[in-house]
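Below, each chain spelled out in residue letters.
2 protein chains.
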Amino acid sequence: MKLFSQIQQKKSLLCVGLDTDIQKIPEHLLGFPDPVFEFNKRIIDATAPFAVACKINLAFYECMGKKGWDSLEKILDYMPGDIFTIADAKRGDIGNTSRMYARTFFETYAFDSITVAPYMGEDSVKPFLEYEDKMVFLLALTSNKGAEDFQWFSDGKSTLYQQVVSKSQQWAKESKGKLGYVVGATRPDDIAGIREQAPDTFFLVPGVGAQGGDLHAICQKGANAQGGLLINASRSIIYAGKGEDFAEKAAAEAAFLQKETALYCGG
Amino acid sequence: MKLFSQIQQKKSLLCVGLDTDIQKIPEHLLGFPDPVFEFNKRIIDATAPFAVACKINLAFYECMGKKGWDSLEKILDYMPGDIFTIADAKRGDIGNTSRMYARTFFETYAFDSITVAPYMGEDSVKPFLEYEDKMVFLLALTSNKGAEDFQWFSDGKSTLYQQVVSKSQQWAKESKGKLGYVVGATRPDDIAGIREQAPDTFFLVPGVGAQGGDLHAICQKGANAQGGLLINASRSIIYAGKGEDFAEKAAAEAAFLQKETALYCGG
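In order, the protein sequence lines correspond to chains G and E. Start counting the first sequence at 1; every next residue gets the next number (our numbering). Start counting the second sequence at 1; every next residue gets the next number (our numbering).
Since the hints were made in silico from the structure, they are not lab data. Please read all numbers here as calculations on a predicted model, not as lab measurements. Take the hints with a grain of salt, since some may be wrong.
No distinction is drawn between identical chains; accordingly, a pair holds when it is met within one copy or between any pair of copies.
[To be verified] Straight-line distance between alpha carbons at most 16 Å, and here's what the computed EDC-like set of lysine to aspartate or glutamate pairs gives:
#1 K173 to E148
#2 K145 to D155
#3 K10 to E38
#4 K145 to E122
#5 K167 to E148
#6 K126 to E148
#7 K176 to E130
#8 K221 to E132
#9 K41 to E73
#10 K134 to E174
#11 K242 to D155
#12 K126 to E174
Let the sequences and hints guide you as you build the complete structure.
The following block contains the structure:
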């Protein structure tokens, strides 16, 4: 799979999050017909040498309506072939509807993977696993405050998020490694526990940077012998600079995170 | 709120689900430039006299890419003002991302309400409740088989879905009734329990018809003094006929469901 070979080749666990908000784009790009695309294009060019993946937060594109989907199409077309793409869409519905969402992100748009919410259970997740060479990142433990509301609900032996991991480990095995987890960077100790439950599973870890997760603690506790991690940084990279040199500043931040994660790539 | 007055006026709890799949549209519509819109337009015309709400399953539109969002826009523009619209989108993400999703469905597209997934907790739900005159239907107990995987996870005193209801009752109060629940029609006994936990909260009940839920059991156990229910039927209405008379057949099915639900409208 592209992702694994790229981690070894680039010695990087970095995933760049394109949470692009038109209200935060440097002024000199606003004159272009599609400023969101122009911004992302420059961020991709600047960060691709240091990153193995790119996570696109769908909310930021959907909120612009058709224009946003248009930008998204152009961004995917522009994406270098060696960058693994993640639709951060957090979909999940009854089986026949999840099948339509899978078609959306894997056929209509050629993403390499998608984030999926577990609340509706097996038939809401499995349609995404039926595709060859596509991955699913199932929400396990998220980085936000609200994670405590339900993900830590416990029967005395395990929490809900641990249940999600243990039940879905079977789906991960059946799918031959196509299922991974979203594990928030704000809780390194819990990452260690999830790594014990799921030694061979890939983790997508958002929350480094703007949300305050500690990079080294996460890598030490979350990496496995193959790396097994993607460290996502969004705002801290794409808004590292606000002026005409925003792309250089993004590159510097990405280069820094590549170096910091190089130690943990395994292989 | 439009929804409550319409239930009393039309004596109906019916919500028509526009899960429109271009592969299932009658042949004679396929020559139109936008067959999905033409189909929905005729379904809306035929069923609006009997229905109070319309639920649009986003997956069926997203999977067509920009064309799908184009159809969606036309459908919303065409929708009669007395029909309460639901974006069945099951979104939910960290606060700043949920805010973008709220903007998508309440500003970019003028839906009256949205379905939201609870897994990520309070900050993933509250941005949707900040809008005046908009409603949120939080997933509580869903109609699919996978519901059993996590929604019934229990600490011995209550299940996860009961936790979702009890915790979010506070948000429902703070939002003055703008929060309701998705409660699947396939489990009438559990609906009775959720009604006890949440006597004044609105329930959106999918799963009648194609998914096999029993209408009268649900209404008896789920209705409150104001009605307090929306009974959604999708495939059983929109695909009631396959030929040129599909709209008449849809109208007949909708009229039947209106009469069946009239008893439970309260008021």
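Practice problem: At 16 Å max between alpha carbons, let me know whether K242 reaches D155 within a copy, between copies, both or neither. | Solution: neither (48 Å within a copy, 49 Å between copies)
Quiz prompt | Within, between, both or neither: K145, E122 at alpha-carbon 16 Å | solution = So K145 and E122 pass the 16 Å test across copies only (8 Å; inside, 26 Å).
Quiz item: Taking 16 Å as the upper bound on the Cα-Cα distance, should K145 and D155 be classified as within, between, both, or neither?
Solution: Intra 21 Å, inter 22 Å, cutoff 16 Å: neither.
Exercise. First find the shortest C-alpha distance between K176 and E130 inside one copy, then the shortest across copies, and answer within, between, both or neither for a cut-off of 16 Å.
Key: within (11 Å within a copy, 43 Å between copies)
Quiz item: What label fits K173 with E148 when the C-alpha limit is 16 Å: within, between, both, or neither?
Solution: neither (28 Å within a copy, 21 Å between copies)
Practice problem: Could you figure out if K134 and E174 sit no more than 16 Å apart (CA to CA) within one copy, between two copies, both or neither? | Solution: within (14 Å within a copy, 42 Å between copies)
Quiz item: When no copy is named, should K126 and E174 be tagged within, between, both, or neither for a Cα gap of at most 16 Å?
Solution: So K126 and E174 pass the 16 Å test inside one copy only (10 Å; across, 37 Å).
Exercise. Indicate which option fits the pair K221, E132 if close means a Cα-Cα distance not exceeding 16 Å: within, between, both or neither.
Key: neither (30 Å within a copy, 44 Å between copies)
Practice problem: If the cutoff is 16 Å on CA atoms, where do K126 and E148 land: within, between, both or neither? Let me know, please. | Solution: Classified as between: cross-chain Cα gap 15 Å, same-chain 26 Å, threshold 16 Å.
Quiz item: Checking K167 and E148: alpha-carbon separation at most 16 Å within a copy, between copies, both or neither?
Solution: between (20 Å within a copy, 12 Å between copies)
Quiz item: Between copies, within a copy, both or neither: which fits K10 and E38 at Cα up to 16 Å?
Solution: The answer is neither: 25 Å in one copy and 51 Å across copies each exceed 16 Å.
Self-check item: Homomeric proximity label, K41 with E73: Cα distance no greater than 16 Å
Solution: within (12 Å within a copy, 28 Å between copies)
Hint check: violations occur at hints 1, 2, 3, 8, 11; the rest are consistent with the structure.
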